[in-house]
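Novice: As you go down the protein sequences, you meet chains A and B in turn.
297 is the number that my numbering gives to position 297 of the first sequence; each next residue is one higher, with no gaps.
5 is the number that my numbering gives to position 5 of the second sequence; each next residue is one higher, with no gaps.
Please keep in mind that the hints were generated in silico from the structure rather than gathered at the bench.
Misleading hints may appear alongside valid ones.
[What the hints assert, rightly or not] Coverage of chain B stretches by chain A, computed from C-beta distances (three or more under 8 Å per stretch; other residues unrestricted): (1) 18 to 31; (2) 146 to 152.
[Claimed, not checked] Quick list of simulated restraints, FRET-style, between CB atoms: (3) Lys-147/A - His-22/B: 30 to 40 Å; (4) Asp-37/B - Ser-293/A: 32 to 42 Å; (5) Leu-23/B - Gly-331/A: 42 to 52 Å; (6) Ser-293/A - Leu-23/B: 24 to 34 Å; (7) Asp-37/B - Arg-68/A: 44 to 54 Å; (8) Thr-10/B - Arg-49/A: 50 to 60 Å.
Each residue gets a CB set at the ideal place from its N, CA and C atoms; glycine is no exception.
For reference, the chains in residue letters:
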Amino acid sequence: MLALACGVVVCTQRGNAQDKPLDPSSSVKIDLPADAPLSLISTTMGDSRATSRGGAIVLDLHMGLTLRNSGFKHIRGVTLLITAQEFAPGGKGSVARPSIDVPPGENFTLPIDIRLVRPVRESSGPLVRVQLDGVLFDDLSFFGPNKLSSQRALTFWEVEAQRDRAYLKQALQARGENGLRQEIVASIARQGDRQQLDVSLTRNGRATGVAVAATDHVEQFAFLNLPGAPVQPLEGWAAISGNEARSPQIEIVNNSSKPVKYVEIGWLVKDKQGRDYLAGSVPGSETTMLLPSGQRTKLQQDTALKFSRAGRPVEIDSMTAYVSQVEFADGRVWVPSRHDLDSSPLLRIAAPSPEEQRLADIYSKQGLAALIAELKRY
Amino acid sequence: MSAARHPSETDLALFAGGETSHLQNFLLDKHLRVCRDCQTKVTEYRALRDGLIDSEIPCVNWNLLAPEMRANIRVGLEAGACVRTSRATLSGSPGLAEWVQSWARAVNPRAVVGAATLALIAASAFYMRDARTRTADASRFDSNSAPVVQTTSSGPKLQDGDASLMLLNRSDAVNETVSARGDIRARVIEAGTVTITSVSLQ
Chain A
1 MLALACGVVV CTQRGNAQDK PLDPSSSVKI DLPADAPLSL ISTTMGDSRA
51 TSRGGAIVLD LHMGLTLRNS GFKHIRGVTL LITAQEFAPG GKGSVARPSI
101 DVPPGENFTL PIDIRLVRPV RESSGPLVRV QLDGVLFDDL SFFGPNKLSS
151 QRALTFWEVE AQRDRAYLKQ ALQARGENGL RQEIVASIAR QGDRQQLDVS
201 LTRNGRATGV AVAATDHVEQ FAFLNLPGAP VQPLEGWAAI SGNEARSPQI
251 EIVNNSSKPV KYVEIGWLVK DKQGRDYLAG SVPGSETTML LPSGQRTKLQ
301 QDTALKFSRA GRPVEIDSMT AYVSQVEFAD GRVWVPSRHD LDSSPLLRIA
351 APSPEEQRLA DIYSKQGLAA LIAELKRY
Chain B
1 MSAARHPSET DLALFAGGET SHLQNFLLDK HLRVCRDCQT KVTEYRALRD
51 GLIDSEIPCV NWNLLAPEMR ANIRVGLEAG ACVRTSRATL SGSPGLAEWV
101 QSWARAVNPR AVVGAATLAL IAASAFYMRD ARTRTADASR FDSNSAPVVQ
151 TTSSGPKLQD GDASLMLLNR SDAVNETVSA RGDIRARVIE AGTVTITSVS
201 LQ
């Protein structure tokens with residue numbers, strides 16, 4: 001499988017490139033289930049192109065799908081699965097649109113900007129399949145095949161969005177327009193100041209990139225315990241070699257009264273200069289985990305992450321982990337509260353929610369009145 | 001086998017490789033005539049197999065194989081030398097020569113040729129299997145052989161050695177988050193909306 005990917009990617013670098021625009025009728029197949037609460041109104045291909053290089057076709061998609069909410073509930077999020085081939089990296093991806101409010105009967109447009117590869121010799125028929133993976137409604141009910149665990153992702157984004165909208169509404173109510181402005185300006189400043197790492201990720205081995213000569217050692221995680229978290233990390237470690245961390249393992253205990261079916265741990269790293277970064281997340285098993293109240297389990301991933309910044313390796317000095325998402329067996333989810341974020345370094349280091357970024361963007365481009373109007377929509 | 005009850009992935013993969021029995025072939029073929037999903041899977045398995053056949057050949061580590069090939073040649077030469085020595089010895093020792101000649105007359109020459117052919121096939125199969133295994137092991141520890149997805153200022157990138165492919169070419173991707181499961185998510189914010197594109201190593 002990997003070898004195929006190697007071949008495909010290598011092929012993108014050489015060979016006789018043949019570039020042509022994609023024909024929407026023959027190149028793309030859009031599958032929406034017959035009972036889906038969405039109907040396809042139109043498709044635009046923009047400057048989507050297929051480039052044949054050696055044994056591979058590179059599909060550069062810049063599509064727009066106009067969809068209609070043909071159901072009876074407000075839609076809060078949608079995920080589409082885009083597939084050019086199943087079995088190799090670069091063959092498929094997904095596009096999600098969280099933080100929307102689409103009433104029944106209304107249209108909305110979903111852009112698809114992604115680049116995929118597939119072998120030339122694959123069967124005739126469409127080059128790309130676009131399938132609905134899930135729709136989340138305002139009552140947090142869900143429709144869709146959920147192959148990508150879209151229900152969980154869309155629900156987490158929606159719960160985070162509700163948290164952040166409530167926080168900003170409360171600031172508006174308690175401190176007026178100036179209070180709201182201060183909060184959103186502070187958010188924009190944090191987003192600007194936040195240090196971002198470039199992360200290389202590989203499975204079952206080492207990440208490539210700029211190497212740092214160093215000896216492997218096992219580094220333990222420190223933990224940031226959030227008071228309201230239903231799950232607590234107990235101990236954890238990863239193999240460290242310079243700017244590379246491999247095979248993270250974290251043991252957790254369910255401190256809540258309900259069984260838990262999914263946990264995600266946020267992973268922070270500190271470099272030798274004392275700067276903190278969000279490195280990524282360590283998710284639990286998608287399918288096998290069901291953690292009863294009071295029980296322990298271990299989250300582990302057989303991957304290697306290599307960190308750099310502006311092309312230079314970022315050597316890892318220490319690592320901190322915190323519980324960032326919990327899903328209970330009944331489908332309810334937990335995310336850190338604004339108080340949890342405010343009273344820890346997380347507000348500064350961790351990525352803001354998609355909704356906080358969207359609202360900050362509205363304020364930056366359209367002003368305070370537009371932000372207030374947007375908050376009142378929900 | 002109805003369209004509603006699909007064959008297993010393993011059977012479809014074996015079918016794609018032409019490695020099913022006549023009966024399985026018949027049943028699978030019958031199912032595939034009416035099931036588009038399974039047809040697609042078989043086509044993808046065939047493409048994958050073809051891709052693997054093409055792409056694995058350059059990955060053979062000839063340096064690793066060279067000593068073994070040299071050893072095989074040496075064994076062959078030594079075996080030839082043994083045969084020559086035996087003949088020389090046989091010619092000088094009539095008692096043993098008579099015994100060997102009587103043994104040769106007793107054994108069916110076709111059986112000897114058949115057994116030799118089978119032995120040759122078995123040896124070749126073992127040799128090829130061994131080569132594949134060592135190639136896979138070598139790639140596992142060769143840091144330049146595994147595909148890598150990485151975050152960049154323009155979105156996620158698939159990298160393999162010196163070759164790379166941008167999976168999302170948007171300079172306005174504001175955030176990329178990495179999951180140790182093997183996923184990268186990139187956010188793009190425009191016109192009051194946020195779009196999250198995800199790519200995966202799997």
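Novice: Against this structure, judge whether each hint is valid.
Specialist: Results for each hint:
1. Counting residues of the region 18 to 31 of chain B whose CB falls under 8 Å from any CB of chain A gives 0; the rule of at least 3 is not met.
2. Taking a C-beta to C-beta cut-off of 8 Å, the region 146 to 152 of chain B contributes 7 residues in contact with chain A, enough for the three needed, and the coverage statement holds.
3. Range check, Lys-147/A to His-22/B: Cβ separation about 35 Å, and the 30 to 40 Å hint holds.
4. A hinted range of 32 to 42 Å holds for the C-beta pair Asp-37/B and Ser-293/A, which are about 40 Å apart.
5. About 45 Å separates the C-beta atoms of Leu-23/B and Gly-331/A, a value consistent with the hinted range of 42 to 52 Å.
6. For the hinted restraint 24 to 34 Å between Ser-293/A and Leu-23/B, the CB-CB distance of approximately 51 Å leaves it violated.
7. In this structure, Asp-37/B and Arg-68/A break the distance hint of 44 to 54 Å, their C-beta atoms being roughly 27 Å apart.
8. Our hint of 50 to 60 Å for Thr-10/B and Arg-49/A is violated, since their Cβ atoms are close to 37 Å apart.
When each numbered hint is compared with the structure, violations occur for hints 1, 6, 7, 8.
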